[in-house]
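What follows is each chain in one-letter form.
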Amino acid sequence: MKKLINEPDAVVREALEGIEAAHSDLVRVVYEPAMIVRADAPVQGKVGIISGGGSGHEPMHGGFVGRGMLDAACPGEVFTSPTPDQMLEATKAVDGGAGVLHIVKNYTGDVLNFEMAADLAKGEGIEVEAVVTNDDVAVQDSLYTAGRRGVGITVLAEKICGAAAEEGKSLAEVAEVCRTVNGQGRSMGMALTPCVTPGSGEPSFELADDEMEIGIGIHGEPGRYREKLAPASDVVERLATAVVEDLPYESGDRVLAFVNGMGGTPLIELYIVYRELDRFLQGRGITIERRLIGNYITSLEMAGCSITLLKLDDELTRLWDAPADTPALRVC
Amino acid sequence: MSISASDVRAWITRYAQDVAEHRTELVKLDTAIGDGDHGTNMDRGMRKAVERLDGLEGDDIGAVLKAVGMALVSSVGGAAGPLYGTLFLQMGTASSGREELDLAGWTDALEAGAKGVQARGKAEPGDKTMIDALLPAVAALREAEKDGAALGDALRRSAAAAEEGMRATVPLEARKGRASYLGPRSAGHQDPGATSTHLLLSAATATFGEPE
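Those sequence lines, one after another, are chains A and B. Per the working numbering, the very first residue in the first sequence carries number 82; after that it's consecutive. Per the working numbering, the very first residue in the second sequence carries number 10; after that it's consecutive.
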């Protein structure tokens, strides 16, 4: 697999150096331990919000650091959770006296490392709340799995919670907003190709030219079903049906529709996906009140998409519309 | 026969070599049912652990084990970082201030480590995790202790139990960690965490065990 890199072991560091060079007006980059911190952090009196996870999902999370979204992001190695010392330092760097919210995607590694970090931060007298996102309907939520994965809703939660914190809401209130967003959000993804981590150089799974994988995660892990490739309309119907029927979203509901590319799918195809989703939801009497289309939570160069729906109310819509100024998402 | 701090250092060095040697195998096992980073992450972590021990003086076994645990926690990431980190930190706490461990001391330390891993990861036997290699190893040590076995014999029995536990993960359906997302498709693959745990215990046998 060809990659536009210098050195497999230096991928994360060199990407951080690029972000630092490009966006020093918005963020500062720390290397030991690795984190991207909002340029003016800590903002006194404001709840700090940090997130983090393995690298390879860019622009999430580092691209969402800035006014109106995250105060800091902790990048791990590619597809590997960051370590507790990173989250601890990030928590200290963004604590403006109002406490710090950890937004954690539900993966065993992320959850365990954030738990250790929260224990350490509390030990240093910082108030910490953690909310775990778990919106992926492809995973059965049962006692017999690690639970649903956190995927697309995490992007929306970071935007909406960032706005809530900016307004001066308390840590408990911002955490409650985060739980509401997670509770009203559902996602499902699919892939046309696997992805290749720089470290392994091997595809994460094998997929024939005429096959697709439904229900994939964002780490190149295989999905739940492998099927013959189908037209976009069928694929969207399959994903959207699973998403809509899970919450369920019902006739009369207003939603934010998020069509996300996995990294290797061009926007022209993502807009076809949006077209199909728009028709599908209209057919069910569900109104798309806000939308986001693009590559926001990716899986390296994987081709494919995910669909996330978030049920909106006036408050969430208002917070979604609030200004944000980050490298990857800007709302004026 | 007992285990000294320099034996423990030799065990860590040996384990780091074994992990480096089996890095590709661990990556392959993890690619099948996880995200393919276990070998790379453990290799990175164990290199850091060895580096940290190079800069640490003293004969306190607890201090050595805690240093290894901290190195893993701050360099491995993934689930393996907190889990292996906790294993060594708890073993270190259980052997704090000790300059020698006999069979009972070693068993107590490993048992404390296993309990820490279970508390952190909340896995039960049969969930297809490192616990499936670790708990049988502890049980075999306890059994050997009861039989009045020599240290070397007890270690061999614990490594054999870990190996059996590791092999027994093959038909299991994963219920913890990223492999659990695959449901039935996780069956038929050996668990990478149980595999790296077996390596850890066979490295202990090779380092502390009396010659056959």
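Derived by calculation from the structure, the hints in this document are not laboratory data. This structure is a prediction, so every number in the text was calculated from the model and none was measured. Think of the CB as a built atom: it goes at the ideal place given N, C-alpha and C, for glycine as much as any other residue. Watch out, some of these pointers could steer you wrong.
[As the list claims (entries may be wrong)] Facing chain B, according to a computed beta carbon distance under 10 angstroms, are these residues of chain A, among others:
1) SER162
2) PRO165
3) ALA219
4) ALA253
5) GLY280
6) ARG305
7) ALA403
For this session: Run the structure past the numbered hints and jot down the numbers of the failing ones, going up.
Result: 4, 7
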